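Engineer: What follows is the residue order along each chain.
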Amino acid sequence: AQTVTQSQPEMSVQEAETVTLSCTYDTSENNYYLFWYKQPPSRQMILVIRQEAYKQQNATENRFSVNFQKAAKSFSLKISDSQLGDTAMYFCAFMKHGTGANSKLTFGKGITLSVRP
Amino acid sequence: NAGVTQTPKFQVLKTGQSMTLQCAQDMNHEYMSWYRQDPGMGLRLIHYSVGAGITDQGEVPNGYNVSRSTTEDFPLRLLSAAPSQTSVYFCASSSDRLAGANVLTFGAGSRLTVL
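Chains as they are written, first to last, in this note's numbering: chain A, 1 to 117; chain B, 118 to 232.
Next comes chain A alone, as it looks inside the complex:
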């Protein structure tokens, strides 16, 4: 079974600054996907970024980037130029690769990020 650990329950950052959210995971799989989802107060789950384990290059989406360390089983999210709209809960999640595995995400407990004006 897979586990995803987000050890920081909450963080705070000043607007326009950079913040890094940590995530570690445990798996015996070699092929898998990692995700960061954002959940603002509206409760909607929004995909922030996705990383495929077989790709060595770290994924980037505008102000969001990841530091994927496969050997260390670490998957941190860096948010640059933080904006007030980034205030939300952030979840790290793991998905095995393979048919039928597509429905099944294993989530961390989440981290609450507050962006201060």
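Calculated from the structure, these hints are not laboratory results.
Incorrect hints may appear among the rest.
[Stated by the list, open to error] List of simulated lysine to aspartate or glutamate pairs, DMTMM-like, C-alpha gap at most 25 angstroms:
#1 A:Lys109 - B:Glu189
#2 A:Lys78 - B:Glu176
#3 A:Lys78 - B:Asp173
#4 A:Lys55 - A:Glu29
#5 A:Lys96 - B:Glu147
#6 A:Lys55 - B:Asp213
#7 A:Lys96 - A:Glu15
#8 A:Lys73 - A:Glu15
#9 A:Lys96 - B:Glu189
#10 B:Lys131 - B:Asp155
#11 A:Lys78 - A:Glu10
#12 A:Lys70 - B:Asp213
#13 A:Lys55 - A:Glu10
#14 A:Lys70 - A:Glu15
#15 A:Lys96 - A:Glu17
#16 A:Lys109 - B:Asp155
#17 A:Lys73 - B:Glu176
#18 A:Lys78 - A:Glu15
#19 A:Lys96 - B:Glu176
#20 A:Lys96 - B:Asp213
#21 A:Lys109 - A:Glu52
#22 A:Lys73 - A:Glu29
#23 A:Lys96 - B:Asp155
[What the hints assert, rightly or not] DEER-style ranges, computed between Cβ atoms:
#24 B:Asn145 - A:Ile46: 20 to 26 angstroms
#25 B:Ser197 - A:Glu10: 34 to 40 angstroms
#26 B:Thr187 - A:Gln8: 25 to 31 angstroms
#27 A:Pro41 - B:Pro125: 38 to 44 angstroms
#28 A:Asp26 - B:Gln139: 33 to 39 angstroms
#29 B:Ala119 - A:Thr60: 35 to 41 angstroms
#30 A:Asn30 - B:Pro125: 38 to 44 angstroms
#31 B:Leu196 - A:Val19: 29 to 35 angstroms
#32 B:Ser184 - A:Gln44: 23 to 29 angstroms
Bear in mind that the values here come from a model prediction, so they are computed numbers and not experimental data.
A virtual CB, placed ideally from N, CA and C, is assigned to each residue, including glycine.
The hints should help you fit chain B onto chain A, whose structure is shown.
Structural biologist: Relative to the frame of chain A, chain B by itself:
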């Protein structure tokens, strides 16, 4: 394009009552799943389906039933609600055949309170 639609958004039940949370998607996704979100626990998988007529249990299936008679619909049934089922429920769908493969699209969530 509505994506994933969940109803109702809010529901209050008494212990022992039954109800069904509805979930529908219009993206022709073959995979659908139900998660529950509890404070400090993240989201946990309840049941999932890899196609019409096929369902399986996730991490926390007890007290819930599902069926998948069509590609579009995946209802979650609580047969005898218990206070421990007070939670926020999310339905999600995905595909590994279509654009955006392996990315789950979530519904807006349903907040259920069992008294």
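Engineer: Failing hints, ascending?
Structural biologist: Of the numbered hints, 1, 2, 3, 7, 8, 13, 14, 15, 26, 27, 29, 31 do not hold.
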